[in-house]
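Using the sequences and the accompanying hints, generate a full structural model.
2 protein chains.
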Amino acid sequence: MRAIDHNTITDAAIEQMSTTPDPRLKQIMESLVRHLHSFAREVDLTPDEWLKGITFLTEVGQKCTPFRQEFILLSDTLGFSSLINQLHDRRATETGNTKTSLLGPFYRQDSPELPLGECIVKTPRQQVVIYGKVTDVNGKGIPKASVEVWQTDEDGAYDLQKESQAPGAVPEMDMRGRFRTDANGNYYLRTVVPLGYPIPMDGPVGALVTAQKRHGFRPSHIHFLIGAPGYRELVTALYTRGDEHLESDTVFGVTDSLVMDVKQDDPNSPMKGYPSIRYDFALALAAKDGSGRVGADPSQITKVGA
Amino acid sequence: MRAIDHNTITDAAIEQMSTTPDPRLKQIMESLVRHLHSFAREVDLTPDEWLKGITFLTEVGQKCTPFRQEFILLSDTLGFSSLINQLHDRRATETGNTKTSLLGPFYRQDSPELPLGECIVKTPRQQVVIYGKVTDVNGKGIPKASVEVWQTDEDGAYDLQKESQAPGAVPEMDMRGRFRTDANGNYYLRTVVPLGYPIPMDGPVGALVTAQKRHGFRPSHIHFLIGAPGYRELVTALYTRGDEHLESDTVFGVTDSLVMDVKQDDPNSPMKGYPSIRYDFALALAAKDGSGRVGADPSQITKVGA
Numbered sequence: 004m005r006a007i008d009h010n011t012i013t014d015a016a017i018e019q020m021s022t023t024p025d026p027r028l029k030q031i032m033e034s035l036v037r038h039l040h041s042f043a044r045e046v047d048l049t050p051d052e053w054l055k056g057i058t059f060l061t062e063v064g065q066k067c068t069p070f071r072q073e074f075i076l077l078s079d080t081l082g083f084s085s086l087i088n089q090l091h092d093r094r095a096t097e098t099g100n101t102k103t104s105l106l107g108p109f110y111r112q113d114s115p116e117l118p119l120g121e122c123i124v125k126t127p128r129q130q131v132v133i134y135g136k137v138t139d140v141n142g143k144g145i146p147k148a149s150v151e152v153w154q155t156d157e158d159g160a161y162d163l164q165k166e167s168q169a170p171g172a173v174p175e176m177d178m179r180g181r182f183r184t185d186a187n188g189n190y191y192l193r194t195v196v197p198l199g200y201p202i203p204m205d206g207p208v209g210a211l212v213t214a215q216k217r218h219g220f221r222p223s224h225i226h227f228l229i230g231a232p233g234y235r236e237l238v239t240a241l242y243t244r245g246d247e248h249l250e251s252d253t254v255f256g257v258t259d260s261l262v263m264d265v266k267q268d269d270p271n272s273p274m275k276g277y278p279s280i281r282y283d284f285a286l287a288l289a290a291k292d293g294s295g296r297v298g299a300d301p302s303q304i305t306k307v308g309a
Numbered sequence: 004m005r006a007i008d009h010n011t012i013t014d015a016a017i018e019q020m021s022t023t024p025d026p027r028l029k030q031i032m033e034s035l036v037r038h039l040h041s042f043a044r045e046v047d048l049t050p051d052e053w054l055k056g057i058t059f060l061t062e063v064g065q066k067c068t069p070f071r072q073e074f075i076l077l078s079d080t081l082g083f084s085s086l087i088n089q090l091h092d093r094r095a096t097e098t099g100n101t102k103t104s105l106l107g108p109f110y111r112q113d114s115p116e117l118p119l120g121e122c123i124v125k126t127p128r129q130q131v132v133i134y135g136k137v138t139d140v141n142g143k144g145i146p147k148a149s150v151e152v153w154q155t156d157e158d159g160a161y162d163l164q165k166e167s168q169a170p171g172a173v174p175e176m177d178m179r180g181r182f183r184t185d186a187n188g189n190y191y192l193r194t195v196v197p198l199g200y201p202i203p204m205d206g207p208v209g210a211l212v213t214a215q216k217r218h219g220f221r222p223s224h225i226h227f228l229i230g231a232p233g234y235r236e237l238v239t240a241l242y243t244r245g246d247e248h249l250e251s252d253t254v255f256g257v258t259d260s261l262v263m264d265v266k267q268d269d270p271n272s273p274m275k276g277y278p279s280i281r282y283d284f285a286l287a288l289a290a291k292d293g294s295g296r297v298g299a300d301p302s303q304i305t306k307v308g309a
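Going down the list, the sequences are from chains A and B. 4 is the number of the first residue of the first sequence in the working numbering; add one for each residue after it. 4 is the number of the first residue of the second sequence in the working numbering; add one for each residue after it.
Do not rely on the hints blindly, as some may be mistaken.
The list cannot tell twin chains apart, which means a pair is met if one copy fits it or any two copies do.
What the hints assert, rightly or not - Listed below are the simulated DSS-like cross-link pairs for lysine-lysine, each with C-alpha atoms no more than 25 Å apart in a straight line:
| no. | residue 1 | residue 2 |
| --- | --- | --- |
| 1 | Lys-125 | Lys-165 |
| 2 | Lys-29 | Lys-216 |
| 3 | Lys-55 | Lys-102 |
| 4 | Lys-55 | Lys-29 |
| 5 | Lys-275 | Lys-29 |
I should point out that these hints are in silico values taken from the structure, not numbers from a laboratory.
Now the structure itself:
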């Protein structure tokens, strides 16, 4: 008979899980149990605090709907999603590839296919051009690469957040599109500069972020999902230089190499008469470890509340 | 601008939470973030695995009802609840107190007050006597201590699990009662020897336990909640020696000092003609860190499925 105490309980739990047939599940659960137990010992967690944690996690789960994923939001605000992206980038078999950033909850699988140069926004106020090249890590252009792009409008709202549509209706596609690079790997399209916005603050995760006195904002950004046969799919986002929340993104998506500049008069822009943004994306060769879409499951698409 | 990578993301997250006004919340979240990030780095968690985790946690949250607390069950099966109990015991200001064990999901606040010697089971097959003393850590009896007891019947079911009642009806009280020790701290009551039972296996936690090839059983046990003014409330359970799952309790509640023996002919038993169990409970003086009821919130009461 074992005399369980606050130290031996950890080995007792891991020993009981040692029968797990799947070696990866076994490894993950062992490590998780060790780290969770170390956390509780380190802070000397009390029963009252434990119960608050149970209540919080239950509320997070119950806040989830087909249009809102509060657990992904929790993962995002703890820097955990960003960490998963960094680990994914590190597993690339080549260096020099563009960094991953959060896919976020507003991705839609069936965005419209558009010809190069088209504008993805139905009612733009001030159009800008985004252009550049999709290449391998050696700078060689990749023809016919798929470039999916989505973003908020100039007021910080995604199409999924528009309140004009009827209740329960599938929101009309806007501020998103899918392009193909040309024979040299070039892409170009028109859009608007998006506005930053707060994460959903009306649930348990918003309450936690408020209790931490964090502002809850994401800086202005444009999402990209880029793929080509034989290459690692790239989920990333470009962040607008000058945004006041660039240094304090609530979900830790910003990294220096993903900040974009809007230029008023770039002689290389393929479409004249608009401000322009140039960004080249470098794809690593395909790896065997899955898509890298942190949050990409279509069932995870979130609709932010008011 | 920060160049976030798989190491710097942790400090970035903690730095953003450093504005938390409540020092305890700040401490807990910092430690949690450090340990969760260490876990992800240690196992090199992939985006696909992360999404499986998100889906699992969402299912756990959505399985919770006013009669079922799947997150407590998850905590229990990871040894986390037991650890919280051990940490609680360690914070006692005195040594020699009886160890805490899991309160579990079947506690009910309003169990009937009964006179000493009464039987808590409405239709017993084979009655046994439980008796002993509630004392301080020096063995001095505590008069008028409250002794709440609850357990399964001889077939392994709590009153809350009985299927005979009408749907939605509040299940009738059975196999539970509340007693007061006499002037010398003695208690005695009649009950039956309970049977072990599996945790609820029809939810996501049951699926995890199955994937780990664990049997999912708890050994036979009787719950106690013992209190007296000026003393630390004691939540514990006594486990039946000889139960086949004593060494492999799915929720890690068993510890050597909490195993009870059923004696056929104990000359000290206060009620003759029945097998008997003697157990003395020692309470430490009250501390300032809350109740120690891991799972005791009445809203957490769980009703196990089929």
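Those earlier numbered hints the structure runs against, lowest number first: Structure breaks hint 5 only.
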